[in-house]
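Protein chains: 2
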Amino acid sequence: MDGTNKGGSGLAGVKALVFDVFGTVVDWRTSVIGDLTAFGQQKGIEADWAAFADAWRAGYAPGMDRVRKGERPWANIDVLHRERLDALLDQFGIENLSEAEKRHLNLAWHRLSGWPDTVPGLTRLKQRYIISTFSNGSVPCLVDTAKHAGLPWDAVFSADIVRHFKPDPETYLGVIAFFGLQPHEVMLVAAHNYDLRHGRAYGMRTAYVNRPTEYGPRQSKDLAAESDWDVVAGSMTELADRLCG
Amino acid sequence: MDGTNKGGSGLAGVKALVFDVFGTVVDWRTSVIGDLTAFGQQKGIEADWAAFADAWRAGYAPGMDRVRKGERPWANIDVLHRERLDALLDQFGIENLSEAEKRHLNLAWHRLSGWPDTVPGLTRLKQRYIISTFSNGSVPCLVDTAKHAGLPWDAVFSADIVRHFKPDPETYLGVIAFFGLQPHEVMLVAAHNYDLRHGRAYGMRTAYVNRPTEYGPRQSKDLAAESDWDVVAGSMTELADRLCG
Numbered sequence: 001m002d003g004t005n006k007g008g009s010g011l012a013g014v015k016a017l018v019f020d021v022f023g024t025v026v027d028w029r030t031s032v033i034g035d036l037t038a039f040g041q042q043k044g045i046e047a048d049w050a051a052f053a054d055a056w057r058a059g060y061a062p063g064m065d066r067v068r069k070g071e072r073p074w075a076n077i078d079v080l081h082r083e084r085l086d087a088l089l090d091q092f093g094i095e096n097l098s099e100a101e102k103r104h105l106n107l108a109w110h111r112l113s114g115w116p117d118t119v120p121g122l123t124r125l126k127q128r129y130i131i132s133t134f135s136n137g138s139v140p141c142l143v144d145t146a147k148h149a150g151l152p153w154d155a156v157f158s159a160d161i162v163r164h165f166k167p168d169p170e171t172y173l174g175v176i177a178f179f180g181l182q183p184h185e186v187m188l189v190a191a192h193n194y195d196l197r198h199g200r201a202y203g204m205r206t207a208y209v210n211r212p213t214e215y216g217p218r219q220s221k222d223l224a225a226e227s228d229w230d231v232v233a234g235s236m237t238e239l240a241d242r243l244c245g
Numbered sequence: 001m002d003g004t005n006k007g008g009s010g011l012a013g014v015k016a017l018v019f020d021v022f023g024t025v026v027d028w029r030t031s032v033i034g035d036l037t038a039f040g041q042q043k044g045i046e047a048d049w050a051a052f053a054d055a056w057r058a059g060y061a062p063g064m065d066r067v068r069k070g071e072r073p074w075a076n077i078d079v080l081h082r083e084r085l086d087a088l089l090d091q092f093g094i095e096n097l098s099e100a101e102k103r104h105l106n107l108a109w110h111r112l113s114g115w116p117d118t119v120p121g122l123t124r125l126k127q128r129y130i131i132s133t134f135s136n137g138s139v140p141c142l143v144d145t146a147k148h149a150g151l152p153w154d155a156v157f158s159a160d161i162v163r164h165f166k167p168d169p170e171t172y173l174g175v176i177a178f179f180g181l182q183p184h185e186v187m188l189v190a191a192h193n194y195d196l197r198h199g200r201a202y203g204m205r206t207a208y209v210n211r212p213t214e215y216g217p218r219q220s221k222d223l224a225a226e227s228d229w230d231v232v233a234g235s236m237t238e239l240a241d242r243l244c245g
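Protein chains in written order, with the UniProt record's numbering: chain A, 1 to 245; chain B, 1 to 245.
It cannot be assumed that every hint is accurate.
List of simulated lysine-lysine pairs, DSSO-like, C-alpha gap at most 30 Å [to be verified]: (1) B/K102 / B/K69; (2) A/K147 / B/K147; (3) B/K43 / B/K102; (4) A/K126 / B/K102; (5) A/K102 / B/K15; (6) A/K126 / B/K69; (7) A/K126 / B/K126; (8) A/K102 / B/K126; (9) A/K15 / B/K126; (10) B/K147 / A/K15; (11) A/K43 / B/K15; (12) A/K15 / B/K43; (13) A/K147 / B/K102.
Note that these hints are calculated values from the structure, not bench results.
Using the sequences and the hints, build the whole thing.
Right, dumping it as structure tokens:
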């Protein structure tokens with residue numbers, strides 16, 4: 001046990017692990033680029049699909065922030081993704097797509113694949129803990145992705161349920177209440193330091209899983225744990241090693 | 001295909017199956033009687049545990065009705081079960097239980113087992129459909145029971161999420177919206193005709209699974225389908241035969 005982990009009795013009371021999904025559990029960037037590239041090849045459309053995927057994701061936080069600040073009524077991530085998609089198709093000069101094709105493209109975010117360690121790790125963790133999503137993704141996005149990637153969730157907790165996005169307090173407090181647990185009985189697993197900071201502030205246990213290529217080769221943040229999170233791991237299987245012995 | 005089933009193209013659009021749980025998926029009566037009997041043997045307490053279980057369940061609908069009618073604020077099924085438990089312990093003359101023992105007893109409703117056909121049927125249905133709970137049970141009850149009974153849900157939808165009990169409209173409309181689907185894309189699977197009547201009224205597809213011993217040997221209702229439900233089956237495996245071919 002290294003110095004960054006509290007370990008031992010501090011984690012003995014943990015009953016549920018709740019996982020950030022985009023980046024932590026699934027490799028959204030590789031998945032979306034692959035999905036867009038396949039679409040382009042099928043339709044004979046040339047574009048820098050990696051740049052398209054990155055630009056799409058770049059609209060994610062600003063889109064949620066407008067909801068979080070009350071500048072618009074609740075809109076879930078599928079709605080926000082679609083608005084951003086329409087703008088990007090215009091920006092990239094991709095024209096004449098049918099409504100069905102646009103819907104298909106938007107569902108790229110429902111066809112995400114796990115990191116190689118994801119399913120083996122989750123499968124082991126599920127033996128000892130309740131495992132659930134804790135994501136800004138919509139319920140359909142999380143359910144479809146779980147089917148696509150074979151993620152063995154015990155439950156799906158989404159921003160949709162509380163109609164708030166992380167890091168609004170309603171999400172952290174909401175997921176704890178959803179499972180009828182005390183904060184210290186819930187461990188947040190995330191590849192993002194900001195998420196863990198908020199979870200810890202509400203009394204949750206914290207596990208950082210390092211995903212230094214989530215944003216591709218030029219990723220500039222969340223390259224390492226930035227606090228003494230209860231567990232720091234390089235993969236979901238390493239997290240299972242730590243928690244399940 | 002018999003005359004009570006519409007079958008065919010009318011069901012081709014179904015994407016999600018949402019299951020009533022108590023009675024339809026799990027044999028709550030055998031489970032709770034077994035749990036209470038084991039407790040009694042361990043503690044040296046003699047009682048008619050079958051009568052106790054039946055009386056406990058008899059408080060279920062009236063307890064929810066007080067919430068549904070607005071006679072009290074939202075209280076989930078764990079709270080209602082506990083209130084009823086305390087009254088029944090008194091009524092049955094069972095005294096001197098510790099708070100931990102009472103909590104343990106109340107969690108009998110979290111340790112329910114499936115019918116013999118449940119897991120094989122759900123496992124096959126999950127290959128083709130999203131499968132989810134649609135239950136008045138609490139999230140902890142449904143998650144714990146799924147772990148206990150090995151139920152392979154894709155998602156857990158509970159009365160807790162909408163803070164309404166079936167048959168309030170918010171539950172049927174809520175589960176359809178939860179999955180982002182149209183009513184005809186959701187099939188309600190239940191052993192209770194009243195539940196299917198409500199589901200059909202909101203445009204859901206309907207599957208009746210006959211559970212004529214849910215309430216024991218003297219069951220007096222829901223002994224057969226009472227309408228032309230889209231599918232009528234004698235077990236979850238027969239439902240899988242009908243829907244998965």
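Results of checking the hints against the structure:
1. B/K102 / B/K69: Judged against 30 Å, a Cα distance of about 28 Å means the pair holds.
2. A/K147 / B/K147: 19 Å, holds
3. B/K43 / B/K102: 12 Å, holds
4. A/K126 / B/K102: Measuring from Cα to Cα gives roughly 28 Å; hence the hint holds.
5. A/K102 / B/K15: 21 Å, holds
6. A/K126 / B/K69: Status violated; Cα separation ~39 Å.
7. A/K126 / B/K126: Holds, at roughly 18 Å.
8. A/K102 / B/K126: 28 Å, holds
9. A/K15 / B/K126: Between A/K15 and B/K126 the Cα gap is close to 26 Å, so the pair holds against 30 Å.
10. B/K147 / A/K15: 12 Å, holds
11. A/K43 / B/K15: At roughly 27 Å apart (the allowed maximum being 30 Å), B/K15 and A/K43 satisfy the hint.
12. A/K15 / B/K43: Holds. A/K15 to B/K43 sits at ~27 Å (cutoff 30 Å).
13. A/K147 / B/K102: 39 Å, violated
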